[in-house]
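Hey, can you work out the whole structure from these sequences and the hints?
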Amino acid sequence: MFKVRTIEIMVGVFVAIGIAALFMLAMKVSNLSSFAQQEGFHVTARFQNIGGLKVLSPVSMSGVRVGRVTAIHYDQGSYEAEVDLVITGSYDKIPVDSSASIFTSGLLGEQYISIEPGGEERYLKQGDRIKLTQSALVLEQMIGQFLFSKAAGDTTQ
Amino acid sequence: MSEMTGSSETLVQVRGLKFSYGRRVIFDGVDMDFLRGKVTTIMGPSGTGKTTMLRMIGGQLRPDSGQVHVDGQSVPELSRRQLFELRKKMGMMFQTGALFTSMSVFDNVAFPVREHTNLPEQLIRDLVLMKLEAVGLRGAHKLMPAELSGGMARRVALARAIALDPLMIMYDEPFTGQDPITVGVIMQLIRKINDTLGLTSIIVSHDVAEVSAISDYIYLISNGKVIGHGAPSQLAASGSGWVTQFMHGQPDGPVPFHYPAPDYATDLLDGAGHE
Amino acid sequence: MLNWLQRLGRGALDNFAGLGRASLFLGHTLSGLPSVLAHPRRVIAQLHSIGVLSLVIILVAGLAVGMVLGLQMYNTLVDFGAEASLGPAIALTLVRELGPVVAALLFAGRAGSALTAEIGLMKASEQLSGMEMMAVDPMLRIVAPRFIAGVLALPLLSAIFSAVGVLGGYFVGVGLLGVDDGAFWSQMQSRVDFYDDVLNGVIKSVVFGIIVSWVALFQGYDTVPTTEGVSRSTTRTVVYASLAVLGLDFILTALMFRDV
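Chains as they are written, first to last, in the numbering used here: chain X, 1 to 157; chain B, 1 to 275; chain V, 1 to 260.
It is possible that some hints are incorrect.
[Claimed, not checked] A short, non-exhaustive set of chain V residues, derived as facing chain X with CB atoms under 8 angstroms:
hint: 1; residue: Phe25
hint: 2; residue: Leu26
hint: 3; residue: Ala163
hint: 4; residue: Phe250
hint: 5; residue: Leu252
[Stated by the list, open to error] Which residues of chain X face chain V? A partial, calculated answer using Cβ under 7 angstroms:
hint: 6; residue: Phe14
hint: 7; residue: Val29
hint: 8; residue: Val86
hint: 9; residue: Leu139
Think of the hints as simulated: they come from the structure by calculation, not from any bench. C-beta atoms are modelled at their ideal positions from N, C-alpha and C, and glycine is treated no differently.
Here it is, written out as structure tokens:
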């Protein structure tokens with residue numbers, strides 16, 4: 001009987017260590033801890049081009065993370081990408097005329113949505129849409145534009 | 001023939017049994033009857049499929065054709081569930097004992113009881129100790145199988161085989177590789193258990209003297225056929241050359257001493273040229 | 001020539017027959033799962049011999065792999081001034097790939113071979129046959145609890161492997177090489193995603209647990225019941241299970257992380 005009990009205790013310890021390891025991977029190693037307070041409200045925004053934005057990409061204001069992207073799909077009516085965001089509940093004073101832009105963190109980093117606050121007294125709430133948006137900068141387009149304007153500039157001179 | 005299967009005399013009936021492993025024919029039309037309450041032995045040279053017969057009776061192998069009836073049920077036609085029900089009425093003692101090496105002697109004997117009944121642990125303990133007492137090993141119930149001698153392991157296996165009070169018990173080579181005292185003990189146990197518990201016993205063996213002493217009836221098989229059967233005394237007095245050779249252990253006879261080969265003298269002379 | 005063709009055809013047929021037997025075996029094992037759930041104690045006993053006894057090798061290997069990763073990656077990253085990325089680099093490597101894969105390989109070597117040997121010896125010593133004759137199905141009584149225990153144990157073991165590995169990388173990177181403590185963890189947290197990385201790693205290790213347990217149990221059950229047969233089956237378990245893990249890892253990685 002004693003042996004059976006020893007085995008049970010050791011298995012219990014093993015399972016506990018395993019779960020503790022999973023817990024550590026979840027809370028300490030990965031970003032699950034920052035999801036924990038993800039209860040918030042959903043808003044949408046339409047972009048002409050989202051570039052490399054992905055689900056779970058961060059949403060920030062003044063560089064502070066306030067939410068994340070929950071879904072991305074293509075809207076056939078407006079020929080634009082529709083992005084669903086969830087904003088953390090405590091950040092409930094974002095003016096309705098705020099603008100959303102897709103930026104890149106660093107030269108080669110991941111893309112994120114940055115929200116610039118507007119001047120309205122009314123604030124965004126569940127289900128609202130951010131109307132002012134600025135698409136992601138696509139490097140090829142920028143280079144193309146640069147070359148074009150440079151060429152145009154050369155001819156006018 | 002099959003209308004006799006319900007006979008109260010015969011517990012196991014084998015009719016027209018054919019079986020082969022690949023191209024090797026093991027049984028080529030074998031008929032056998034095992035009577036209730038008797039000790040019946042299947043004898044034959046090594047490799048003649050004696051153990052295979054036990055597996056057919058236990059339903060672990062299916063015959064290519066022919067019938068195997070146990071207690072009125074046709075074994076090859078049973079579903080898995082029915083077969084398992086039938087096996088609860090069978091005990092089997094394997095050549096090596098086949099004790100579970102990870103369990104003590106006590107747990108080994110208790111295993112079938114725990115698996116198939118919901119008896120309280122106190123009752124199981126009494127039952128197991130009674131079965132172990134019957135084979136003279138009650139004092140060894142705490143040992144592990146690795147601590148047992150070969151003979152003791154077989155006796156424990158015997159106690160386990162009778163744990164559920166089966167109708168019949170099958171012994172696969174019970175005497176092989178044992179010292180004379182152990183052989184005597186096992187012989188006595190087989191006979192005693194058969195008679196006191198009113199079992200039907202089927203032994204597979206090639207130990208002529210031991211088997212003749214305890215069997216009521218013997219089947220001799222060779223090359224897939226029954227070549228002689230009868231009470232031990234009848235077989236010993238048989239006029240058949242093969243039966244005589246086997247029963248008296250003569251080195252040469254109908255079963256030749258030499259494996260078929262070309263002529264000895266020519267073989268040796270040819271061999272010199274090949275090197 | 002004909003002989004050669006015959007042998008080739010025979011080999012192919014043997015392989016198909018083996019695959020068929022293995023599949024039937026898996027089906028039979030899975031059909032035994034409900035009866036195992038009725039007797040959880042049998043799984044606990046197996047978790048001990050499969051999981052607990054593999055713990056030491058997993059801990060040691062995890063720590064060693066994490067420390068080596070810390071050292072090597074630091075040397076490369078420091079050239080780009082990116083040593084703050086040491087945390088995410090170690091964590092992603094471990095959680096996505098090395099944790100599940102190396103733990104599965106060690107598991108195949110430690111627990112898989114032991115399972116094959118145990119069941120093979122039970123077959124060789126007629127214990128399985130004896131159990132069948134006692135009207136107890138060894139698939140339910142012996143094989144299914146070990147299968148469950150294997151499938152449960154490996155995800156836990158590989159989580160332990162990854163966690164210990166991250167700690168090993170932390171000791172080397174932060175303790176020895178002077179990477180900033182806060183940057184190590186915060187970068188890691190911002191780059192490692194729970195669902196994409198950690199959960200996919202766990203799914204991988206569940207799949208590997210199924211594969212390794214299946215191979216090990218089948219090789220034991222299908223062994224040639226002799227001493228030599230058991231030793232060959234044990235070798236085959238380690239080889240087949242390892243190859244299956246590596247091959248499947250490639251497929252799973254392609255499926256899971258294709259957009260990252």
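Evaluation of the provided hints:
Given hint, Phe25(V) at the interface with chain X, is violated; its Cβ is 26 angstroms from that chain's nearest Cβ, farther than 8 angstroms. This hint is violated: Leu26(V) has a C-beta 25 angstroms from the nearest C-beta of chain X, more than the 8 angstroms allowed. Taken as an interface hint, Ala163(V) checks out: its beta carbon lies about 4 angstroms from the nearest beta carbon of chain X, inside 8 angstroms. Violation of the interface hint for Phe250(V) is found here, the shortest Cβ-Cβ separation to chain X being roughly 23 angstroms, above the 8 angstroms cut-off.
Taking 8 angstroms as the C-beta contact cut-off toward chain X, the hint placing Leu252(V) at the interface is violated, the least distance being around 18 angstroms. At a threshold of 7 angstroms, the smallest CB-CB gap from Phe14(X) to chain V is about 5 angstroms, leaving the interface hint in force. Among the interface hints, the one on Val29(X) holds; its C-beta lies about 5 angstroms from the nearest C-beta in chain V, closer than the 7 angstroms criterion. A least Cβ separation of about 15 angstroms between Val86(X) and chain V goes past the 7 angstroms threshold, and the interface hint is therefore violated.
For Leu139(X), the interface hint is violated, since its Cβ never comes within 7 angstroms of a Cβ in chain V; the closest pair sits about 19 angstroms apart.
The structure does not agree with the numbered hints 1, 2, 4, 5, 8, 9 stated previously, though it agrees with the rest.
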